[in-house]
Amino acid sequence: MSNRLKDQVAIVAGAGATAGEGIGNGQAVAIAYAREGASVLLVDLNVEAAQKTRRMIEEVGGEAVVFQADVSRAFDCQAMVGRCLEAFGQVDILHNNVGIEPKVFGGILSVDEASWDLQINVNLKSMFLTCRAVLPEMLKRKKGAIVNISSISAERFNPNVFVYNISKAGVNALTRSLAIETADKGIRVNAIMPGLIDTPLVDRHKDAYGGDREKMRRAREERVPMKKMGESWDIANTSVFLASDEAKYITGQVLAVDGGYMCKI
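Letter by letter, the sequence shown follows residues 65 to 329 of our numbering.
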């Protein structure tokens, strides 16, 4: 711990623990922020999942408060900021981790309106709403850092996840557009594009490998130039850097954390 975020207050949307083996990206980010001295508002639709993260933060001496919200709803996002101000008095950092994988696979003809709306609302609209909600407080203080979680699917398109590709490309565009808007106002906005990261969500893919998790892991690792999947802490450490003063001259960037995957032809 180096206290890079000492006296800072962070909102982590999607901070709850994910069922399965290992630790999720949002949970790791929240813990990493707390280890670096930030007070953290843990926002999640699943209160029990967020409480698990809170307990882990308190075990390392950090401070965290849980808030239940559906961040695809404007009312919830405004209430989220209000709770953060009530608990900590300020908002310095917003980390947007909320997102869902496709429930329907295939191209445009496989996607119905409900599937489109669900992924766009959760993956993209939520980030628009959370950014819009925190911005007035950041503008008052003329400082702030926003980190959005995108995906390598924003730039490396898989035809079987049509809406997911579009939603994540939208996150990149939102990040850059907001960065330009706020660059002269003391607010920085960046995004992270995770590659193949070994989180509990990976377990959802093992059925394609006969339920064999190790076989699935080996297959995924073989696709990465570094021949290994990343860890949630790789995402967390990158987010800490982007939220800290070490990145004070960085805004509008979309950073791949992918073991070289984006370099492939």
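Incorrect hints may have been included.
[Stated by the list, open to error] Cβ pair distances, simulated, as ranges: (1) Ser66 x Met326: 39 to 47 Å; (2) Ala272 x Asp176: 17 to 25 Å; (3) Glu122 x Ala283: 16 to 24 Å; (4) Glu122 x Arg277: 18 to 26 Å; (5) Phe139 x Val168: 27 to 35 Å; (6) Asp176 x Lys279: 28 to 36 Å; (7) Gly84 x Lys292: 13 to 21 Å.
[To be verified] No farther apart than 25 Å at their CA atoms in a straight line, the calculated lysine to any residue pairs in the SDA-like style are these: (8) Lys206 x Met280; (9) Lys328 x Met120; (10) Lys328 x Leu173; (11) Lys328 x Pro166; (12) Lys70 x Asp176; (13) Lys312 x Lys167; (14) Lys207 x Gly275; (15) Lys279 x Asp262; (16) Lys206 x Trp297; (17) Lys206 x Phe192; (18) Lys291 x Asp71; (19) Lys270 x Glu310; (20) Lys206 x Arg240; (21) Lys204 x Ser241; (22) Lys70 x Ala83; (23) Lys206 x Val318; (24) Lys312 x Lys328; (25) Lys292 x Asp271; (26) Lys167 x Lys249; (27) Lys291 x Met280; (28) Lys249 x Leu149; (29) Lys167 x Asn301; (30) Lys291 x His269; (31) Lys249 x Gly170; (32) Lys270 x Lys249; (33) Lys70 x Lys207; (34) Lys116 x Gly170; (35) Lys167 x Ser241; (36) Lys207 x Glu285; (37) Lys116 x Trp297; (38) Lys189 x Glu177; (39) Lys204 x Leu109; (40) Lys167 x Asn67.
If you are wondering where the hints come from, they were derived from the structure by calculation, not from laboratory data.
Idealized CB from N, CA, C, for every residue including glycine.
Numbers of unmet hints, in rising order: 1, 3, 4, 8, 9, 10, 12, 13, 14, 16, 18, 19, 22, 24, 26, 29, 31, 32, 34, 35, 36, 39 and 40
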